[in-house]
Amino acid sequence: MASIFQRVGAVASLSSNASFDTKKLHLSSRRSLSERKASFVVIRSDAAKMNTGLKKIGGRADQLVTNAVATKPDTSAASTASKPGHELLLFEALREGLEEEMERDQNVCIMGEDVGHYGGSYKVSKGLAPKYGDLRVLDTPIAENAFTGMGIGAAMTGLRPVIEGMNMGFLLLAFNQISNNCGMLHYTSGGQFKIPVVIRGPGGVGRQLGAEHSQRLESYFQSIPGIQMVACSTPYNAKGLMKAAIRSDNPVILFEHVLLYNLKETIPDEEYVLNLEEAEMVRPGEHVTILTYSRMRYHVMQAAKTLVNKGFDPEVIDIRSLKPFDLHTIGNSIKKTHRVIIVEECMRTGGIGASLTAAINENFQDYLDAPIVCLSSQDVPTPYAGTLEEWTVVQPPQIVAAVEQLCR
Amino acid sequence: MAFAGIKVIQPLALHASSSDPYNRAAKSIATPSPFLGSTRTLRINQSLPIALSRPASSIVAAVSDVFKEKKLKSTSDLLLTKEEGLEVYEDMILGRAFEDMCAQMYYRGKMFGFVHLYNGQEAVSSGFIKLLKKEDSVVSTYRDHVHALSKGVPARAVMSELFGKKTGCCRGQGGSMHMFSAEHNVLGGFAFIGEGIPVATGAAFSSKYRREVLKQADCDHVTLAFFGDGTCNNGQFFECLNMAALWKLPIIFVVENNLWAIGMSHLRSTSDPEIWKKGPAFGMPGVHVDGMDVLKVREVAKEAIGRARRGEGPTLVECETYRFRGHSLADPDELRDPAEKARYAARDPITGLKKYLIENKLATEADLKAIEKKIDEVVEEAVEFADESPAPSRSQLLENVFADPRGFGIGPDGSYRCEDPKFTEGTAQLCFDVEMKNLMLNMHLQG
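Line by line, the protein sequences give chains A and B. Numbering of the first sequence is given in this note's numbering, commencing with residue 1 and proceeding in unit increments. Numbering of the second sequence is given in this note's numbering, commencing with residue 1 and proceeding in unit increments.
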């Protein structure tokens, strides 16, 4: 148990050095351990706390674990969050983050298709246009390349636009602007212009949405220099990352997932901003490091339940920052477990997992007892049929099997 | 024509009237008068909510025959004062001399890559940009040296940038096709055609946002977007015409139609080659002007800039112009008919202005010679400065990738990569670099 405290302590100090506004930053990403009482839509589980006795290495559980998320006892740091908090859905958390930042800074504006009067196709900007007006919450025509470029030009001249892609896949049409202008203008102008845009939207494989609406753009954007990419997965980190992304002077692409918008969680009442560059420890463990992000986090946690019942102790990390990788959190985990499985929704070829595998091999090869296992989606356009779609993405039984094999 | 003062625009209406979506009852058709260069102001029904569209027929498109009237006017009705004339002349001479020097330097191996020269098109740059304030923005393409110079970027900064030196306006990181200046509001310099137009639209959006959301009532900054005939077949152009007209953004789309996109003739690539006509299709005035005549360009520019400042929205101006050199310094320029080149060479904008200034007694030969000599010295000095400036050091490689260098992430040791001292030296390893590792090993061995 002591090791957990140390780790949290170390991270807290890192956060306070690195955060923008230490007065407002009450919580680091590690705090989620003490606070999460998530009830999932994708995976049914109740919110029972885990018995800390289960954390013994190699020990078998005496009782079935229904929620594999570790919790830790309150520390003095946790007591500042003794207020009850409020419960909301992930899309509402995103909206809360957006609204708070728009209140705080008048230069923050939203642009995208149907963000205004319609309230956003996933209701992330509902209610904001009546409150802030049609110019500040701008309904654009269907012209992704042009309105993304317009957002970039506005950012260069002092505004802080949040550009929505109705589906991340549509941003393929804006690739010219995202790659050439978003990523590069700060550099090619010799640092004269900054591009503080946030580009956000839902992506990932949904429920039979068809190939084009089921894309994982993080694969394609990751090589672009000069941008940061983050993926949210819980209401807590959704709000925190949204706020961080808006406050960042760098262009940030915030990946949301179509299936996670209705996740419910209780989040703190007081203001918090998360670190864009940090990963999130979801479940500390000893046997194997499982790195994941976005929706696959829930498949991993479901597999983790099964694994714990079988006597394994997986450490689950939600990497959150897709570019750059948080090599500290990841490295510390690998130094402890010596085994890595990456579970991602990107396709096998050229995805985040592929880059992460390379980065880990480069930096932590000495600590690995086995080759890295990367579980990705199949290299196919996502089929419409439900059965085929299920086989396209990584499912919990595959994760269980991979861990079993790796940890033999 | 009187400058009507700044008009505060009504915010976008939330609700359109449902029974009469185009508000035909309230609209009065504007008289199709010649748009520019005339003393009549263009009247568009101001009571129309911005959110409603105006049928294109109410927007006038003018042709430049209106300017034939101008030539007959008496000397008391000159198009500019002596100061203005000399300023414009100096600007055009600077543009020409600078570009000629670029060609020399390129062939001497001082600059590399793709260099696109502006010779012959000076009337467009000087005609428009000399009317702008410092706070107004200019967005250009890869043929951007002269736009930067006209906007006020010092010649030495541009030349230094072309030589790839750290004293360049972009620290040597941009090059010929990426001229930026935050001080002078030059928003680039873009290598792909069309990709600057949305950026310009964004700058115009900022201006409108400042006025209406941030309530800075005196913000009337306008943006000029320069691009060529080839770009006018590109989607981004049309998408931005739509948005600019829809929201009445203070932007002027300036088409430098020099008839050629590298080796592709405008006539071979465009179904309707009259670009100015595309403005009214989107609900903005479209104007065609002789881009070899700086005075005509200036008159059109005045009207268009005035419109934008008053909040009346965008204008599309097609300037018929010509580049005397090839597309770039690497282009052998074999496809263009020598007779065509000769025709346009005879209409050299600098010769044209010189003739006007002298004939109308605004300047003497001596005045103009003095300007030419002065500019020669400026350009020489710019070359000297660029020659003597140092090249960027290794430590500059990783700077300016991110405005917030925390974007490089957290390294294995737990600290942000940008806090690593090797990072500022430029020797930090972000990825496995065999050459660098060997170099550092050697340096270590040599002590």
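The reader is advised that the hints may include incorrect statements.
[To be verified] Restraint ranges, calculated between C-beta atoms of paired labels, are given here:
{"hint": "1", "chain 1": "B", "residue 1": "K133", "chain 2": "A", "residue 2": "G85", "range": "49 to 57 Å"}
{"hint": "2", "chain 1": "A", "residue 1": "R207", "chain 2": "B", "residue 2": "E274", "range": "26 to 34 Å"}
{"hint": "3", "chain 1": "B", "residue 1": "R343", "chain 2": "A", "residue 2": "H117", "range": "51 to 59 Å"}
{"hint": "4", "chain 1": "B", "residue 1": "L445", "chain 2": "A", "residue 2": "Q378", "range": "44 to 52 Å"}
{"hint": "5", "chain 1": "B", "residue 1": "N234", "chain 2": "A", "residue 2": "R207", "range": "35 to 43 Å"}
{"hint": "6", "chain 1": "A", "residue 1": "A211", "chain 2": "B", "residue 2": "E419", "range": "42 to 50 Å"}
[As the list claims (entries may be wrong)] In silico EDC-like pairs for lysine to aspartate or glutamate, Cα to Cα no more than 16 Å straight-line:
{"hint": "7", "chain 1": "A", "residue 1": "K131", "chain 2": "A", "residue 2": "E99"}
{"hint": "8", "chain 1": "B", "residue 1": "K361", "chain 2": "B", "residue 2": "E83"}
{"hint": "9", "chain 1": "A", "residue 1": "K336", "chain 2": "B", "residue 2": "E83"}
{"hint": "10", "chain 1": "B", "residue 1": "K215", "chain 2": "A", "residue 2": "E96"}
{"hint": "11", "chain 1": "A", "residue 1": "K131", "chain 2": "A", "residue 2": "E87"}
{"hint": "12", "chain 1": "A", "residue 1": "K335", "chain 2": "B", "residue 2": "D413"}
{"hint": "13", "chain 1": "B", "residue 1": "K215", "chain 2": "A", "residue 2": "D134"}
{"hint": "14", "chain 1": "B", "residue 1": "K133", "chain 2": "B", "residue 2": "D100"}
{"hint": "15", "chain 1": "B", "residue 1": "K166", "chain 2": "B", "residue 2": "E384"}
{"hint": "16", "chain 1": "B", "residue 1": "K82", "chain 2": "B", "residue 2": "E365"}
{"hint": "17", "chain 1": "B", "residue 1": "K110", "chain 2": "B", "residue 2": "E388"}
{"hint": "18", "chain 1": "B", "residue 1": "K354", "chain 2": "B", "residue 2": "E90"}
[Said to hold, decoys possible] So these bits of chain B aren't anywhere near chain A, every CB distance computed over 10 Å:
{"hint": "19", "residue": "G109"}
{"hint": "20", "residue": "R156"}
{"hint": "21", "residue": "F192"}
{"hint": "22", "residue": "S206"}
{"hint": "23", "residue": "K208"}
{"hint": "24", "residue": "D218"}
{"hint": "25", "residue": "R309"}
{"hint": "26", "residue": "I410"}
{"hint": "27", "residue": "F423"}
Hints were generated in silico from the structure; no laboratory data involved. C-beta atoms are modelled at their ideal positions from N, C-alpha and C, and glycine is treated no differently.
How the hints compare with the structure:
Between B:K133 and A:G85 the beta carbons are some 51 Å apart, a value that agrees with the proposed interval 49 to 57 Å. Against the hinted window of 26 to 34 Å, the Cβ-Cβ separation of A:R207 and B:E274 comes to about 50 Å, which falls outside the hint. Separation of B:R343 from A:H117 is about 54 Å and conforms to the stated range, judged on CB atoms against 51 to 59 Å. A C-beta distance of roughly 49 Å is found between B:L445 and A:Q378, which places it inside the suggested range of 44 to 52 Å.
Between B:N234 and A:R207 the beta carbon distance is about 37 Å. The supplied range of 35 to 43 Å therefore holds. Between A:A211 and B:E419, the C-beta spacing of about 43 Å keeps the proposed range 42 to 50 Å intact. Taking the CA atoms of A:K131 and A:E99, the gap is near 10 Å; set against the 16 Å cutoff, the hint holds. Simply put, B:K361 and B:E83 have alpha-carbon atoms about 12 Å apart, close enough for the 16 Å limit, and the pair holds.
Between A:K336 and B:E83, the direct Cα distance comes to roughly 76 Å. Violation of the 16 Å bound is thereby established for this hinted pair. Taken as a hint, the B:K215 and A:E96 pair is broken in the structure, with Cα atoms around 25 Å apart against an allowance of 16 Å. At most 16 Å may separate the alpha-carbon atoms for a hinted pair to count; A:K131 and A:E87 exceed this at roughly 23 Å. Proposed proximity of A:K335 and B:D413 is supported: the alpha carbons are some 12 Å apart, at most 16 Å.
Note on B:K215 and A:D134: the hinted pairing holds, with a Cα-Cα distance of about 15 Å set against a maximum of 16 Å. With a C-alpha separation of about 28 Å, the suggested pairing of B:K133 with B:D100 is violated against the 16 Å cut-off. At most 16 Å may separate the alpha-carbon atoms for a hinted pair to count; B:K166 and B:E384 meet this at roughly 14 Å. A threshold of 16 Å between alpha carbons decides the hint, and for B:K82 with B:E365 the separation of about 13 Å falls inside it, so the pair holds.
Restraint check for B:K110 and B:E388: the C-alpha separation of about 12 Å stays at or below 16 Å, so the hint holds. Between B:K354 and B:E90 the CA atoms are separated by roughly 11 Å; this keeps the pair inside 16 Å, and the hint holds. For B:G109, the condition that its CB be more than 10 Å from all CB atoms of chain A holds, with the nearest at approximately 23 Å. B:R156, annotated as away from the interface, keeps every beta carbon of chain A farther than 10 Å; the closest lies near 15 Å.
Against chain A, the non-interface label of B:F192 is violated: not every CB pair exceeds 10 Å, the least being about 6 Å. With a minimum CB-CB distance of about 4 Å to chain A, B:S206 fails to clear the 10 Å threshold, and the non-interface call is violated. Here B:K208 does not stay apart from chain A, with its beta-carbon only about 7 Å from theirs, under the 10 Å limit. The claim that B:D218 is not at the interface with chain A holds, since no C-beta of that chain comes within 10 Å of its own (minimum 15 Å).
Interface exclusion of B:R309 from chain A stands, the closest Cβ pair being 16 Å apart, more than 10 Å. Distance check for B:I410 against chain A: the nearest CB is about 5 Å away, which does not clear 10 Å, and the non-interface claim fails. Against the 10 Å criterion, B:F423 stays outside the reach of chain A, whose nearest CB is about 13 Å from its own CB.
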